[in-house]
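Chemist: The residues making up each chain are set out below.
Protein chains: 2
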Amino acid sequence: MSSNEEDPISKAFLGLAECEIETNKVEKKIEEYRLTQLKPIYTKRDEIISNIPGFWKIVLSQHNDFANYIRASDFKYIDNIESIKIDWINSNNFHIIIKFQGIRDDFPEQTIAKKCQRIIKEESDDLDEDIEEQIISEKSEIVWPKSYNHINPELIEDKTTKEGKKNYRMGMKSFFGWFKWTGLKPGKEFPHGDGLIQLIVDDLYPYCVRYYTEAQRDLADEASDSGSSEDEPLDLQE
Amino acid sequence: MSSNEEDPISKAFLGLAECEIETNKVEKKIEEYRLTQLKPIYTKRDEIISNIPGFWKIVLSQHNDFANYIRASDFKYIDNIESIKIDWINSNNFHIIIKFQGIRDDFPEQTIAKKCQRIIKEESDDLDEDIEEQIISEKSEIVWPKSYNHINPELIEDKTTKEGKKNYRMGMKSFFGWFKWTGLKPGKEFPHGDGLIQLIVDDLYPYCVRYYTEAQRDLADEASDSGSSEDEPLDLQE
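Taken in sequence, the protein lines are chains A and B. Per the working numbering, the first sequence starts with residue 5, numbered consecutively. Per the working numbering, the second sequence starts with residue 5, numbered consecutively.
Keep in mind that a hint or two might mislead.
Identical copies go unnamed one by one, so any copy, or any two together, can satisfy a pair.
With a Cα cut of at most 27 Å, we get these calculated BS3-like pairs of lysine-lysine [stated by the list, open to error]:
1) Lys166 to Lys125
2) Lys61 to Lys48
3) Lys43 to Lys15
4) Lys103 to Lys166
5) Lys29 to Lys48
6) Lys48 to Lys15
7) Lys169 to Lys48
8) Lys89 to Lys170
For the record, the hints were derived by calculation from the structure and aren't laboratory data. Keep in mind it's a predicted model, so treat the numbers as computed, not measured.
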């Protein structure tokens, strides 16, 4: 680059670059402030939600975009999600904690923490690029349903056969495959695992009450369309 | 509603409603914090940008969505925008301050403040509705270009003729019509005036340096496509 620090325009560009760096720092600080402010409300809300049976089942079936990440056949297990909580260490590090109810002879009750991290994308060799964030995660241990034995990657004995490969891929694409997602082996893991993490942490969890209320309203609309006036929508506003 | 406060589920719904109200309050507080943090950086940045000739012309022609609000024929005057600044009174009240360079015999140099306000939408009679925000504004006095005399609403003598109506509407749809936009007379003002305010305050202004850098990169790409290697992209990152 032919910039010359004496030149007022080059000096201006350097100044702008400094402002951008400062803005990024301040944005992180605002994120931390945001968390500090919201955490106590979320904790209270998690506690209240635990008293509403089927809350998460309703939220997860209401959310259109969530369904794009989930195979239809996995909803049997999604419906068994008793709670979703987020445990933030800081704005860059958080655990998604999902509690499943058990299904007799198929699937044990279990609570799984999926550890996630936002990092700055490394391979940006173009210096002009904006700083891009990326989400990575750690494999979480989860007991798969017995009904998924044939696609459970741990149980497939021969992954080199056509059948073995097909089942392996199917397993990795299931919701249980998402718990294995790390973000470090593109193309070989649950598809768009980072998108699902973002969806949960930035949308489903913060706005779960909104989705729940919408679902109740839709139910009430359906009921009134079919002539019944029972089941009024649940009024969550003052 | 048949809610009974003794009933644990009704109690839970009341609790959730309280959490939502608390969240809305905290969100406002975070917005104020955000402004306090960003304002000094923006002030510094405004000062630096004033040393870069044509900065806003480049940003405004780079931004695809901005062009959707502006008639092609208005770009002659958009190109004469010397600066855009936001003066925040608080997160709900802000002035968009636009400085135009003059055009001899057509248009004076002038600086216009467009006062804007975010308010809670009133007519929401459905109690389930989420709180919806709305933007309103005040008419700002701006001197129109002489070349727009025929569509300048103040100068159209007879607004009842077909020609008069047509010119009046054309004027209201021009960028100068936007300065008259209040948000209180739907259908009779600059179309989507609130959208343009939001675009400026939430996107164009905060991310202007990003758009400027993108425009420079596009220029450099074009230059290198055509075989020339001059005009390197301006490097705004470290």
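Chemist: Would you mind marking each hint as holding or not holding in the structure?
Modeler: Hints, one by one, checked against the model:
1. Taking the shortest Cα distances, Lys166 and Lys125 never come within 27 Å of each other, neither inside one copy (35 Å) nor across copies (59 Å).
2. When the C-alpha separation of Lys61 and Lys48 is checked against a cutoff of 27 Å, the pair qualifies only within one copy, where the shortest distance is 20 Å, while the shortest distance between copies is 49 Å.
3. With identical chains, the CA atoms of Lys43 and Lys15 are at most 27 Å apart between copies only, with a shortest distance of 22 Å across copies and 42 Å within one.
4. Taking identical chains as interchangeable, the C-alpha atoms of Lys103 and Lys166 are never at most 27 Å apart, the minima being 34 Å within one chain and 68 Å between chains.
5. In this assembly of identical chains, the alpha carbons of Lys29 and Lys48 lie at most 27 Å apart only when taken from different copies (16 Å versus 30 Å within one copy).
6. Taking CA atoms no more than 27 Å apart as the test, Lys48 paired with Lys15 passes between copies only; the shortest distance there is 13 Å, against 50 Å inside one copy.
7. In this assembly of identical chains, the alpha carbons of Lys169 and Lys48 never lie at most 27 Å apart, being 45 Å within a copy and 58 Å across copies at closest.
8. In the homo-oligomer, the alpha carbons of Lys89 and Lys170 never lie at most 27 Å apart, since the shortest distance is 33 Å inside one protomer and 58 Å across protomers.
Of the numbered hints stated above, those contradicted by the structure are hints 1, 4, 7 and 8, listed in ascending order.
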